[in-house]
Amino acid sequence: MSAGGAVLELAGVHAYYGRAHILADVSLAVGRGEVAVLLGRNGAGKSTTLKTIIGLVPAARGEIRFDGRRIDGLPPYRIAASGLGYVPEDRRIFTDLTVAENLDVGRQAPRAGAPVWTVDKVCALFPNLKAMQNRPGGRTSGGEQQMLTIARTLMGNPSCILLDEPSEGLAPVIVDQMAAAIKELKAAGVSVLLSEQNLHFATEVADRAYIIEKGRIRFTGTIAELAANAEIRNNYLAV
Amino acid sequence: MSSIVVQFLNGLAGASTLFLIAVGLSLIFGVTRIVNFAHGSLYMLGIYIAYSAVGAFGAAGALGFWGAILAAALAVGLFGALVEVLILRRIYQAPELFQLLATFALVLMVKDFVLWAWGPEDLLGPRAPGLDGAVAILGQRFPEYDLFMIAVGPVVLGLLWLLLNRTRWGTLVRAATQDREMVGALGVNQKWLFTGVFALGAFLAGLGGALQVPREPAQLFLDLTAIADAFVIVVVGGMGSIPGAFLAALIIGEVKAFCIGLGNVTLLGVEVSFSKLTLVIEFIVMAIVLVVRPWGLLGRPQAAQRAAPTHIEPPLRAALRGLAAGAAVLALALAALPLTGAAYTVVLMTDILIFALFAASLHFIMGPAGMVSFGHAAYFGLGAYGAGLVLLRAGAPMEVALAAGPLAAALGAAVFGWFCVRLAGVYFAMLTLAFAQIGWSVVFQWDSFTGGSNGLVGVWPAAWLSSKSAFYLFVLVLCGAGLAALRRILFSPFGYALRAGRDSPLRCDAIGIDIKRLQWAAFTLVGAFAGTAGALYAFSKGSLSPDLMAIPRSVDALVMVLLGGVQTLAGPAVGAAAFTWLQDTIARNTEYWQSLLGATILIIVLAFPQGIVGSLARLGTRAEAE
Chain A
327 MSAGGAVLEL
337 AGVHAYYGRA
347 HILADVSLAV
357 GRGEVAVLLG
367 RNGAGKSTTL
377 KTIIGLVPAA
387 RGEIRFDGRR
397 IDGLPPYRIA
407 ASGLGYVPED
417 RRIFTDLTVA
427 ENLDVGRQAP
437 RAGAPVWTVD
447 KVCALFPNLK
457 AMQNRPGGRT
467 SGGEQQMLTI
477 ARTLMGNPSC
487 ILLDEPSEGL
497 APVIVDQMAA
507 AIKELKAAGV
517 SVLLSEQNLH
527 FATEVADRAY
537 IIEKGRIRFT
547 GTIAELAANA
557 EIRNNYLAV
Chain B
2 MSSIVVQFLN
12 GLAGASTLFL
22 IAVGLSLIFG
32 VTRIVNFAHG
42 SLYMLGIYIA
52 YSAVGAFGAA
62 GALGFWGAIL
72 AAALAVGLFG
82 ALVEVLILRR
92 IYQAPELFQL
102 LATFALVLMV
112 KDFVLWAWGP
122 EDLLGPRAPG
132 LDGAVAILGQ
142 RFPEYDLFMI
152 AVGPVVLGLL
162 WLLLNRTRWG
172 TLVRAATQDR
182 EMVGALGVNQ
192 KWLFTGVFAL
202 GAFLAGLGGA
212 LQVPREPAQL
222 FLDLTAIADA
232 FVIVVVGGMG
242 SIPGAFLAAL
252 IIGEVKAFCI
262 GLGNVTLLGV
272 EVSFSKLTLV
282 IEFIVMAIVL
292 VVRPWGLLGR
302 PQAAQRAAPT
312 HIEPPLRAAL
322 RGLAAGAAVL
332 ALALAALPLT
342 GAAYTVVLMT
352 DILIFALFAA
362 SLHFIMGPAG
372 MVSFGHAAYF
382 GLGAYGAGLV
392 LLRAGAPMEV
402 ALAAGPLAAA
412 LGAAVFGWFC
422 VRLAGVYFAM
432 LTLAFAQIGW
442 SVVFQWDSFT
452 GGSNGLVGVW
462 PAAWLSSKSA
472 FYLFVLVLCG
482 AGLAALRRIL
492 FSPFGYALRA
502 GRDSPLRCDA
512 IGIDIKRLQW
522 AAFTLVGAFA
532 GTAGALYAFS
542 KGSLSPDLMA
552 IPRSVDALVM
562 VLLGGVQTLA
572 GPAVGAAAFT
582 WLQDTIARNT
592 EYWQSLLGAT
602 ILIIVLAFPQ
612 GIVGSLARLG
622 TRAEAE
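Protein sequences appear in the order of chains A and B.
Each number in the working numbering comes from the position in the first sequence (counting from 1) with 326 added on.
Each number in the working numbering comes from the position in the second sequence (counting from 1) with 1 added on.
Check each hint, because a few of them may be wrong.
[To be verified] Not the full set, but computed from the structure, chain A residues with beta-carbon under 7 Å of chain B: (1) Y342; (2) I380; (3) P402; (4) A406; (5) A407; (6) Y412; (7) R418; (8) F420; (9) L423; (10) E427; (11) D430; (12) Q434; (13) A435; (14) G482; (15) E557; (16) I558.
Please keep in mind that the hints were generated in silico from the structure rather than gathered at the bench.
Cβ atoms here follow ideal geometry from the backbone N, Cα and C, with glycine treated the same way.
The shape of chain A in the complex, shown without the other chains:
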């Protein structure tokens, strides 16, 4: 992929927790309208990569570009307000707020070049949310919280969205719903960078794959190339 076609690009990014070196020289790119997946085992650095992109973990070195502009070093709110959505792994629903209020927190003005979301539209994507608008976020199931956290981020009308392990801990039927939702996002023109441990789920939705292990990118290629490379899968993904 040429650099001009990438909506999100990391070049040589390093990150630390205290003195622990968590990300080492991470480079990856997400093409416009593409679904890219970051695969790796627990503790490999997937979540940290996404947190570094959104600015919750500072990038010590390297460059992060979104829509061609440097975003590393910016505070998270400015990155999010420029159209890069972030969905955390642990969902981080505002449990005291109702479902409708959770969606309201995520709301941002419409932005050129990105689909515009409304409460009705996110409820069309996740029909479960429609009937529970006034329920406190803390009194929803795990699957409903996963839908709500994605819907909340979509209310910001992002052109690209970072999804941290959306299939984790969910019942198979909900996982299928997530896969369908990601495909719909792609169809609507939203670029996606998703982190996953579930290779089957990733293969179903992604175009491009990266494998991360111990904070380093070990594989870069299309999802078809990964499917064809049993050795890589065995080395870095098999449990």
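For this one, chain A is given, so just place chain B on it according to the hints.
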């Protein structure tokens, strides 16, 4: 019967004011996680500004009076916004305690500003036009203005509910109270949210103060009494809970009103003075509530802060090279000080040594054990009074009295500590404050035994220590030994276990350490050290007064520790020296020494967020790394 109704109404009127102060503190804490020590100062500013504004706008017309009240509240709100933008915004990433220190610096500066602008006299404003009469309630006269005040609390509660539940701004505030980092990751600029919340909280405190203009005179000590009230209410109601603040304000308001109303009552043949009880009753209520419901009436356990772990404490290092030699040289130099004949310096150094021990005893539980006490002066004062009373009332020799001080303090710390260690964080801090306040008011009011507000005089050391130099050397030996002992204990298994308990209580439980018991032991132990410092202080001055265990003394100790750096061993000694010297130097040169001290603290906080020694140590490790 009718007097009970009137007392009840008095309680409701008082509750409204308490609610206005406390609710802003609660809101600010909820969103910014800053415990705003200066909140009482905002209240005090409100009453002073309103006093002047009523004078300027004219108190005769309703428009002038109410316009002045509103203008005063808005002015305080604006001041709050400025404080947030200019100071607090720079220190949200700093350790919690530094934020506290910065807001305490504001307390000092606001107090001196008020002294400069309005002078030391009490100022009583005019009555409110249209509400200056009284109505008859069951045959008793009740002020109209107090009826109005009764309505203010519920009305403000209702308006706040609308603001927080029916506007997007309110939704964002509630979301940020729960997880401000996530709110930022959703594209909301928290900076202005924080400024807005701080301004709103300041406005409410200012309004609470302004509305008091016809009810009580503007006085210079209102800041500390208001902040103590506000802390109690917020903690009783539950940090961050607005209905909780309202409920707690009602309870405290009523309890206070009935204590005043009951006056002296003979119970079972013993005369009990309920009016004297008003000084402590709210702290007693708080202590009971915290023991029964540690998170307050309507509060919830504080969620662990979600943030990248940027503040991992590096392990304490046993000793820098040459430290032992350095300490020996320092001890020799200090021992030689009286030879120079600098009498004033000897007295000042005596103070510094005593406060170094006092600060080190606080540091022991604050830094390594992670328990921040807001009431450490209680044990300093108990030590001083223990020694003084044994000397004067029991006629014991000075040596015996000196030993009685730490014993009394350790006993007090054991009793209070048993309650306190059940709590953690801000709640622990508040309960220690409550116990200190209880101790203070007992000493303050027990005229026949403790000498009440006058204190005790004639607490002089034995003949062999009567010269300033001899006493200084005596203090040097005792405090030096105390500091060395505290340091030694930190590097014993007991000290390691305390630090483990600070870093991970759960893991301590899992490996069989009874962390609460260790913390209780530590609390009692440092009580004895603080008591030693207190007893020495009493003998060095020859007198003692309730001020020894009042809130400002506890804050002094906190400031010393924070100045030096919480996670350094030499910090408290250096902090005590810097603080005592600064206070002495500034106080001799200006009437407004408090604001200079405040400004100095503020500069240090903004420039050295790790404390003096902490910052030096960081420079040291950086130099080592390069």
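Tested hints:
Violation of the interface hint for Y342(A) is found here, the shortest Cβ-Cβ separation to chain B being roughly 9 Å, above the 7 Å cut-off. At its closest, the beta carbon of I380(A) sits 6 Å from a beta carbon of chain B; the interface hint therefore holds under the 7 Å criterion. Here the hint on P402(A) is kept, as its CB sits about 5 Å from the closest CB of chain B, short of 7 Å. Annotation: A406(A) was flagged as interfacial toward chain B, and the flag holds, the nearest CB pair being 4 Å apart, inside 7 Å.
At its closest, the beta carbon of A407(A) sits 4 Å from a beta carbon of chain B; the interface hint therefore holds under the 7 Å criterion. The beta carbon of Y412(A) is positioned within 7 Å of a beta carbon in chain B (closest approach about 5 Å), and the interface hint is therefore held. Taking 7 Å as the C-beta contact cut-off toward chain B, the hint placing R418(A) at the interface holds, the least distance being around 4 Å. Because the smallest distance between the Cβ of F420(A) and any Cβ of chain B comes to about 5 Å, under 7 Å, the interface hint for this residue holds.
Restraint check, L423(A) versus chain B: the minimum CB separation of about 6 Å is within 7 Å; hint holds. Interface hint at E427(A): satisfied, since its Cβ lies 5 Å from the closest Cβ of chain B, which is below the 7 Å cut-off. This hint holds: D430(A) has a C-beta 5 Å from the nearest C-beta of chain B, less than the 7 Å allowed. Using the Cβ-Cβ criterion of 7 Å, the hint placing Q434(A) at the interface with chain B is satisfied: the shortest such distance is roughly 5 Å.
With a cut of 7 Å, the hint placing A435(A) at the interface with chain B is violated, because the nearest CB-to-CB distance is about 10 Å. A distance limit of 7 Å between C-beta atoms decides the matter here; for G482(A) the minimum to chain B is near 5 Å, and the interface restraint holds. Annotation: interface hint on E557(A) violated; nearest CB of chain B at approximately 35 Å, more than 7 Å. For the restraint placing I558(A) at the interface with chain B, the shortest Cβ-Cβ distance is roughly 31 Å, beyond the 7 Å limit, so the hint is violated.
Of the numbered hints listed earlier, those contradicted by the structure are 1, 13, 15 and 16.
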